[in-house]
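Residue numbers (this note's numbering), protein chains in the order written: chain A, 15 to 306; chain B, 139 to 720.
These are computed hints drawn from the structure, not numbers from a lab.
Ideal Cβ placement from N, Cα and C applies to all residues, glycine included.
One should not assume that every hint holds.
Going by beta-carbon spacing under 10 Å, a handful of chain B positions derived as facing chain A [stated by the list, open to error]:
#1 Arg524
#2 Leu527
#3 Ile529
#4 Arg548
#5 Pro627
#6 Ala636
#7 Pro638
#8 Gln640
#9 Glu714
Output of the computed footprint for chain B on chain A, the stretches with three or more beta carbons under 8 Å from beta carbons of chain B [said to hold, decoys possible]:
#10 108-120
#11 137-146
#12 168-179
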Amino acid sequence: MKGSPHDNEGRAVSGTVGSTSTGSTSTGSTSTGSTSTGSTSTGAADSAGNRYLVRTRGLCKQYGKDDSLIRAVDHVDLAVSPGETLAVMGPSGCGKSTLLHLVGGLDRPSAGELWLAGQRIDQMSERGMAAIRRDAVGFVFQAFHLMDELTAVENIELPALLAGRSARAARRRAIALLDQVGLADRARHLPSQLSGGQRQRVAIARALANEPLIVLADEPTGNLDSEATLEVLRLFEELHEAGQTLVIVTHDARIAATADRLISMRDGAFVDETRLTGGSTGSLGQLAGLGG
Amino acid sequence: MTRLLIIGRLAWRDLRLRRAEAALMLIVVTAATATLTLGLVLTGVTASPYQHTRAVTHGPDVVAGTAGAARDGGPPAALTVLEHAPGVTGFSGPYPVVGPVLRTAGRMIPTGFNAEGRSMAPAAIDQPKVTRGTWVRPGGIVVEPTYAAEAHLAVGDRVTLDGRPFRIAGLAVTAAEPSVNAPGQIWLTEADARSLISRSDPVYYELNLKLADPARATAFADARSTGGVYLQSWQQIASHDARQLQIEQAALGVGSSLLGLLAIASLAVLAGGRVAEQSRRVGLLKAVGSPPRLVAGVLLAEHLTIAVAGAAAGLAAGWLAAPLLSGPADGLVGAPGAPSLTFATAGIVTLAALAVALLATLGPALRASRTSTVAALANAARAPRRSRLLIALSRRLPTPLLLGLRLAGRRPRRLVFSALSVAIVVATMTGVLNMLAQGRVRRVPGGLVNPVHTAVSQVLLVITVVLILLAAVNAAFVALTTVRDSRRPIAVARSLGASPDQIRAGVTASQLTAAVPGAVLGLPAGIALIAASTRNGSSVVPSVWGLLAVVLLALAGLTAISAGPARAAARQPVAEILQAEA
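Required output: the full structure, derived from the provided sequences and hints.
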């Protein structure tokens with residue numbers, strides 16, 4: 015997709031959760047509790063000096079109180095290295111999306127620490143969070159969340175315009191991204207004139223508009239049919255190969271199978287971690303079970 | 139019957155559930171119908187106070203006056219000959235009239251007036267009705283109330299006439315002179331009047347005549363107004379009096395039209411907003427088997443109920459306010475207003491309110507009835523409109539303006555109604571500026587203001603206040619609806635990096651996107667309205683600075699009103715909205 019900004023070599027092989035799991039096979043897993051930290055350092059780096067793009071310690075998100083207290087995210091420790099693709103799976107309501115929103119600065123944690131791109135963001139001002147979202151994060155949503163009244167190219171250039179780039183530069187970048195997601199001929203189509211897969215590809219292109227450090231995808235294939243799912247899978251694989259850091263929340267095992275690492279969640283906590291050797295090096299079609 | 143019961147029950151429950159919106163709609167309809175009622179009520183009362191005064195004061199059918207006295211100082215023969223003219227059945231006078239200089243507490247009242255010498259005993263024809271104090275006595279003068287009010291004179295005040303001291307003994311009204319007239323009218327004893335005659339203040343005379351056929355008074359007056367004798371019929375005096383209320387009616391007519399337009403715009407926005415918010419409810423109704431007609435029926439029933447309630451409140455308010463808007467009728471006996479609220483007036487006002495509500499609601503109600511059940515249940519927002527021009531233009535603008543133009547462009551109908559609302563307010567405020575400018579021009583240094591001008595200014599002030607209040611309600615609701623309607627795009631913009639400050643400024647900019655062209659259009663519209671309502675060419679175009687101040691004031695007001703909704707938009711929970719609308 016774009017030039018690899020992150021070197022996969024030398025990065026941490028895992029997050030703080032299940033840090034003992036190193037280079038295991040695709041079936042290897044280490045059951046971990048949410049209290050496992052595996053690190054005594056502070057900030058975005060661990061005691062071994064590994065720097066992470068995302069790091070959380072004791073991250074919590076709670077709603078309600080007393081008897082009606084809901085722990086959507088319950089003392090989660092997480093570390094995501096630059097260039098890594100992390101899949102988060104779990105049943106509906108287990109807190110996957112909430113975790114993603116916290117990591118992307120869309121929501122504020124109730125407790126815990128959260129670093130993104132070397133900055134602690136859990137106590138950051140709203141303005142600072144906005145700047146982080148604008149410059150360091152790209153979101154991909156299940157429902158696409160494209161602006162209905164904007165064409166594909168106008169949707170893609172929007173983050174760049176919000177970031178203050180010139181209209182010409184934003185448009186140039188948007189056209190290039192449209193070309194890369196294979197929709198150059200759909201530039202002037204409205205979202206209502208695109209298929210689900212095409213909409214999601216536009217959403218992915220939009221997420222990349224400001225060359226983010228990390229792309230956070232929330233059920234990116236949840237609304238798509240098999241063919242469209244394959245299109246999106248291919249796109250994520252290309253991103254992964256290009257060194258883009260990805261965190262994908264999904265129900266779909268085929269998507270999860272393309273990741274470097276898979277974390278399972280239940281009741282707001284991490285319950286399992288699996289290091290996969292498939293990832294970008296595996297055959298996508300085979301992994302996805304879609305042929306080709 | 140069952141269906142009507144269901145419609146009634148659902149409509150009533152929804153009104154109770156959304157009380158704030160129902161109250162806003164009620165205010166809008168009440169304000170518009172109150173002004174319409176005022177206009178209609180004042181239409182039928184132009185003559186009645188004068189006729190009442192004429193009856194109470196034994197008013198003359200014709201008033202005859204001369205420009206000067208006879209050589210011996212007495213009334214000229216050209217006047218006295220009228221006492222026995224064919225058709226004349228009675229007369230009073232001739233009374234000597236002088237025009238002395240009046241001073242009070244060292245202040246000169248520059249507006250001229252007639253000081254008429256009268257007997258202390260009541261006259262058979264034209265006996266002014268004392269409304270305060272007593273009738274004339276030696277050293278005691280009586281002043282016509284309109285003139286007294288304008289000159290700030292009260293019973294008991296000490297004044298001088300050509301340097302001679304007098305005390306104001308009372309106030310009285312007459313049907314022999316228009317109540318709104320310059321010069322003003324003063325009565326004093328005949329001896330006092332004659333004592334003021336001098337070379338510099340010559341005397342002239344007035345004679346009141348009673349005719350066998352009062353209906354032919356104008357023809358009588360016209361036929362004999364020659365040779366230095368001027369005659370005025372009671373119909374001509376009544377017409378002069380009615381002019382006051384006619385001007386008020388014209389101001390009210392323009393105001394009612396503007397308020398009507400604003401009411402339609404406000405109700406259209408309110409009804410559209412309510413329907414948009416009831417999407418899920420519409421879906422539920424359809425899902426349990428309600429036909430589209432029932433869905434439309436519920437919405438129509440709600441808004442028509444509000445229209446009827448608003449019309450009733452507006453009728454009552456207009457009826458009560460009518461007498462307050464007839465200030466110069468101080469010069470007459472009897473108040474206009476209350477007696478003329480007829481069934482016809484009530485019917486017109488109610489029908490107008492229903493028509494406005496129907497016009498504003500029909501479109502959204504039909505749209506809601508046609509919405510697919512699945513889409514309505516999913517609470518899917520109405521697809522926004524694509525404004526290519528605004529989108530292209532906004533690409534080159536700073537983030538707040540980019541967001542503002544795009545938010546505004548999503549709902550062009552709302553944009554037009556908002557612009558219309560601001561244009562109406564600016565046009566009205568331009569009219570007020572015009573009135574102020576006229577006041578300045580017509581007021582001679584230290585002099586009196588024409589009471590007609592004062593009364594029209596008061597009417598215009600009432601209309602302006604109501605219009606501004608209505609426009610403020612409208613602006614607040616439009617801003618709120620914009621924020622509610624744009625929850626998802628605002629949340630998406632936040633997820634793409636727009637800061638809360640940018641969102642806040644963007645929402646405000648979206649409101650100004652409609653307001654700026656509205657304000658600019660409102661200025662020429664206001665000037666055109668002034669020109670149309672003052673056919674005698676007495677209009678004065680306000681200064682450029684004044685017009686600029688009006689525009690800036692309107693925009694500042696709108697910005698202030700939008701501040702609350704804009705702040706709410708910036709604070710809305712992004713993740714929650716994106717999850718809910720997934």
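These are the hints, each one checked on the structure:
1. With a cut of 10 Å, the hint placing B:Arg524 at the interface with chain A holds, because the nearest CB-to-CB distance is about 4 Å.
2. With 10 Å as the threshold, the beta carbon of B:Leu527 stays out of range of chain A, its nearest partner Cβ sitting at about 12 Å, so the hint is violated.
3. The beta carbon of B:Ile529 is positioned within 10 Å of a beta carbon in chain A (closest approach about 6 Å), and the interface hint is therefore held.
4. Interface restraint check for B:Arg548: the shortest CB-CB distance to chain A comes to about 6 Å, inside 10 Å, so the restraint holds.
5. The closest approach between the C-beta of B:Pro627 and any C-beta of chain A is roughly 6 Å, which is under the 10 Å cut-off, so the hint is satisfied.
6. Because the smallest distance between the Cβ of B:Ala636 and any Cβ of chain A comes to about 5 Å, under 10 Å, the interface hint for this residue holds.
7. Hint status for B:Pro638: holds, given a least beta-carbon distance of 5 Å to chain A, under 10 Å.
8. Checking B:Gln640 against chain A: minimum C-beta separation of about 8 Å stays under 10 Å; hint holds.
9. Taken as an interface hint, B:Glu714 checks out: its beta carbon lies about 8 Å from the nearest beta carbon of chain A, inside 10 Å.
10. With a cut-off of 8 Å between beta carbons, the segment 108-120 of chain A has 5 residues touching chain B; three or more are needed, and the interface restraint holds.
11. Counting residues of the segment 137-146 of chain A whose CB falls under 8 Å from any CB of chain B gives 4; the rule of at least 3 is met.
12. Given as covered by chain B, the segment 168-179 of chain A passes the check, having 8 residues with a CB less than 8 Å from a CB of that chain where 3 are the minimum.
Against the hints set out earlier in the document, a violation occurs for number 2 only.
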